[in-house]
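Numbering follows full-length UniProt numbering, in which position 525 of the sequence shown is assigned residue number 525; successive positions increment by one, without gaps.
In short, the hints are calculated from the structure, not lab data.
Don't take every hint at face value.
To be verified - Pairs of lysine to aspartate or glutamate, EDC-like flavour, derived with a Cα cap of 16 angstroms:
no. : residue 1 : residue 2
1   : 569       : 515
2   : 66        : 17
3   : 265       : 246
4   : 541       : 578
5   : 615       : 593
6   : 569       : 518
7   : 816       : 844
8   : 146       : 17
9   : 265       : 276
10  : 66        : 52
11  : 245       : 264
12  : 45        : 19
13  : 816       : 803
14  : 614       : 581
15  : 500       : 435
16  : 470       : 446
17  : 472       : 515
18  : 499       : 435
19  : 692       : 655
20  : 643       : 593
21  : 66        : 126
22  : 146       : 89
23  : 693       : 578
24  : 135       : 230
25  : 21        : 52
26  : 614       : 655
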Amino acid sequence: MTIDSIPFEIAHCSSFDQDYKPESLAEPFQGDIQRISHRGWQTQKHPEYPQDLILRLNSGLCRIHKVEILSHHYKIASQIELYVGITKEQEQDAMYIQFTRLGFVNLDNNDRFQDRELKSIKIQADCEYIRLVMKGCYGNRLNIHKQVGILAINILGFPLQRQQQAQETLASAQSPAEATTVYPHHKIASQLQQSDEEEEEEDSRSSQIHNTNSHFDLEHWVQVIQNAEEDAAQDEDYKEAKLYKELGDRLTGLWRFLINLENDKQQAVATKDYDEADKIKADMIQVRQTAESLLKQSGIQITRDGDILPFDTIEYNSDLEQTYSQEEYEEGEESREEDVGFLHENTIPDLQSASIEKESKLTSAANTSTTNSNDQLLDEAIANWTSFDALSINHGDSATNSPSLLSARIPINDHHKQEEPAVTVPAPEPVVIVDPETIPEPLTADDLESCELAIDQFGEDLVANIMSVKVKCRQNGLNQLNALIASAHVEENQSKQTKKFIHASILMIQEAIMDSRESIFNQAIQSWKHVQDIVIKHMSKDDQQLYAWIEKFFTRLLMRTSDNNPGIKLSATKTILDLIEHYHSLVALCLGERMIRNMKDAKARIDLVSITTKKSLIPHQWPADAGAYRKQIMTFIVSYLNKHPHTEVRKAAWELLMLVAQYQQQRDASEFKKMCLFLNNDTIRLLEQELKKLNNKLKIKTSTSSSIQRALANNNTSSTKKSGASGRDDKRAASSKKTKSKQAQQQATIEEEDEKTNECIFCDEVNDSFNEDTLISHYYNQCPVLTNCHMCQIILEVSTLKDHLQIDCEKKHLVKQCTQCKQSIPVEQWKKHTLKKTCTATAENQSRCPFCQLDMTRSSEAQWKSHLINKCTKNPRKKLTK
């Protein structure tokens, strides 16, 4: 029957986001799955994993050949489990769905956000329901809500309606005693069709592969390899010991996995689930074949006596006695060829131990090859299906092409040739095992397009290494790039070629600096420094094309200044400052128009702007032009100070405002007034108070240091001019008394000023713990004379709240004045407020306390303060101060 796309509907969904309902997945689409028009399904924000999605096939029971899942490009599931379900009846005539787990697939993290991954899962299963379980998601800078998104699902197969009708017709012709199940297992049907000769061959093959007791053989292999590793270490042949260790670790992993499968099989047999037991048995056979392939690829084989021999010495059979005569060897070879031919001919695919084919847009279409051997496809299938990636094996056609774990010192015992004279056999050349971590992934079509210039300059191998997600690959690629940059000879008459080289280098470096590993990031920064030396020496700062490339690099580097790794954050900040020193206009990129909502990232950005202000603007740019970037930096400060929801961010913005205001005030009063044009009246008044207090503190420090210096000078003078004259002694005593009295007066003045810095200027509270930081926190959260505007969150005095909401508030268009109490009410609450008619009637020019509605029209500032601190029972901050 033809394989078509099977329509389905959503039977269950654990959660979904607004406008991203799962029903959109069931909508039919025309043509390629990647050209879908709907928005797909997404989980709710910050969901609890795992998340379930159950699909009901509209055609009833179907035979499924492939399931295609198109993932979101950054809301990516880290792992998806696949289940198939069939409806069954219970004893009470109730229906239930029995789900069977097939396995899981892992998706690429797509850390460059370039493509959407299409995951194709090849299966052979009969089902009415398909269940997808999302175990988690990849965290990245875009997926801040930890969601999973699926854009499309395509199920390929065909309904079993025709087959069911044919089977029912056949069953009706049989006697009731001979009637069979409507949906027989396809393995049983295939086995019934086999001839007697095929059954004998099957028995022979089963006896060879130990499908019931293979883990005992594998345990023996593990022990032999471990013993060989110990012997090599004792002989100080550490290279060979390392190779044995790697092989032993892989075989140990397979052995443990096999034990788990055996336990699952025994449990299935105990519950009389023979279908599941048969599938587990097939999995165990695949694991055994993978272990044998490991030995074959390593160029060795293990005898029952525990000897390790080269693979091509004998043809190993673990069930039959090993013979060394040429005649028996040829017979064994023919038998093995027959068995292998039978395996290729009659291997029956399992329903639920299915192979998984990765058809991802992250890998180029050229990587898909149809020339792989059947054994290789089977090994890759079971490795991917069980997520046993580290143990998957690529079979070679011969053992000679595989790396050997043997050296010349391993003896080959041939009992039939012991009496013959020894023949000196030259030692085989050692074959170096290629570390798979040093082999980069092939470039995708998008990578080939975006890195065309870099490939032209450096070659595809270097670019593939740098674009790879593997640590060793990126390290190798950056090392090669550093070597090319160091050996580059720049000629003045080849400026175009130099610009191409610089552009290609920047493209590669800006890919590497997005790596989350500190070693890779630091290596990329070192590469940038080498490129920067070439740029400074041979290129002009006015080159707009070059500046555009550096601007893109700067934008990416800016993202890393909020990294969780302090080493990356520090290195990125230093590089940012270094770039700003050479290109002053890059400051504008730090003062982006869009406010960062995330508290950590916003705080890191404000800290970066503060450092830039201290290191670049104040010492270098503002002395020449006090108005440089005034609008951008004030817009930046006001945005975070008034609109950001987090207190820590607003506090950091206030400190930055103090830094800028302090410099502008000291430089020129007119510049300070220009700066204040971006602030509202309440913020200006609070800013002036804080600046005054800060200036007093600086004066205290200055007077203290000068008095100490004068005292030290007087002591030095008196010690050098000692004399025995009593008149001079009297004068010196008198001057020392005057000095002490002056110092006492100055000390009293200092203490008095210190006391003032410990006092809140609004509520007059004196607290020894008050300083610059705690006072700001006191203003925002505790001072009973101040409050926060419930619309824009700015801090202001309670007495000015009414005028602020009507005149100064940036969200005044979202409030409406009540005709009875004259208070500004949010628009969405205004109707409910006015219908109640419980508010206090207030005249147009009358002023009331916004908390207790007491008439305060003729109250002075002191009376307002006294009321809010002592009398107002509904002041929310008064309760906090008690």
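Verification of the hints:
1. Between the alpha carbons of residue 569 and residue 515 the distance comes to roughly 13 angstroms, so the proposed pair stays at or under 16 angstroms and holds.
2. Distance restraint check for residue 66 and residue 17: the Cα-Cα separation of roughly 28 angstroms exceeds the 16 angstroms cut-off, and the hinted pair is therefore not satisfied.
3. Proposed proximity of residue 265 and residue 246 is contradicted: the alpha carbons are some 29 angstroms apart, above 16 angstroms.
4. As the CA atoms of residue 541 and residue 578 are separated by approximately 14 angstroms, the hinted pair is consistent with the 16 angstroms bound.
5. The hinted pair formed by residue 615 and residue 593 fails the criterion: a straight-line CA distance of about 22 angstroms is larger than 16 angstroms.
6. Our distance criterion of 16 angstroms between C-alpha atoms is met by residue 569 and residue 518, whose separation comes to about 10 angstroms.
7. A hinted pair counts as satisfied when its Cα atoms are at most 16 angstroms apart, and residue 816 with residue 844 qualifies at roughly 14 angstroms.
8. Proximity of residue 146 to residue 17 is assessed by CA-CA distance (about 12 angstroms); at most 16 angstroms being required, the pair is judged to hold.
9. A threshold of 16 angstroms between alpha carbons decides the hint, and for residue 265 with residue 276 the separation of about 8 angstroms falls inside it, so the pair holds.
10. A distance of roughly 20 angstroms separates the Cα atoms of residue 66 and residue 52; the hinted pair therefore is violated under the 16 angstroms criterion.
11. With a C-alpha separation of about 29 angstroms, the suggested pairing of residue 245 with residue 264 is violated against the 16 angstroms cut-off.
12. With a C-alpha separation of about 13 angstroms, the suggested pair residue 45 and residue 19 falls inside the 16 angstroms cut-off, and the hint holds.
13. Taking the CA atoms of residue 816 and residue 803, the gap is near 13 angstroms; set against the 16 angstroms cutoff, the hint holds.
14. Of the pairs offered as hints, the one joining residue 614 and residue 581 holds, with about 12 angstroms between alpha carbons and a cut-off of 16 angstroms not exceeded.
15. The suggested pairing of residue 500 with residue 435 is violated, with an alpha-carbon distance near 33 angstroms, which exceeds 16 angstroms.
16. Only pairs whose Cα atoms come within 16 angstroms are accepted, and residue 470 paired with residue 446 is rejected, the gap being roughly 19 angstroms.
17. A distance of roughly 13 angstroms separates the Cα atoms of residue 472 and residue 515; the hinted pair therefore holds under the 16 angstroms criterion.
18. The hinted pair formed by residue 499 and residue 435 fails the criterion: a straight-line CA distance of about 36 angstroms is larger than 16 angstroms.
19. Between the alpha carbons of residue 692 and residue 655 the distance comes to roughly 15 angstroms, so the proposed pair stays at or under 16 angstroms and holds.
20. For a cut-off of 16 angstroms, the pair hint linking residue 643 to residue 593 stands: about 13 angstroms separates their Cα positions.
21. With a C-alpha separation of about 12 angstroms, the suggested pairing of residue 66 with residue 126 holds against the 16 angstroms cut-off.
22. The straight-line distance between the Cα atoms of residue 146 and residue 89 is roughly 39 angstroms, outside the 16 angstroms bound, and the hint therefore fails.
23. Restraint check for residue 693 and residue 578: not satisfied, since their Cα atoms lie roughly 35 angstroms apart, outside the 16 angstroms limit.
24. Straight-line distance between C-alpha atoms of residue 135 and residue 230 comes to about 41 angstroms, which puts the hinted pair past the 16 angstroms bound.
25. For the hint pairing residue 21 with residue 52, the CA-to-CA distance comes to about 13 angstroms; that is within 16 angstroms, so the pair holds.
26. Straight-line distance between C-alpha atoms of residue 614 and residue 655 comes to about 12 angstroms, which keeps the hinted pair within the 16 angstroms bound.
Checked against the numbered hints listed earlier, the structure breaks hints 2, 3, 5, 10, 11, 15, 16, 18, 22, 23 and 24; every other hint is satisfied.
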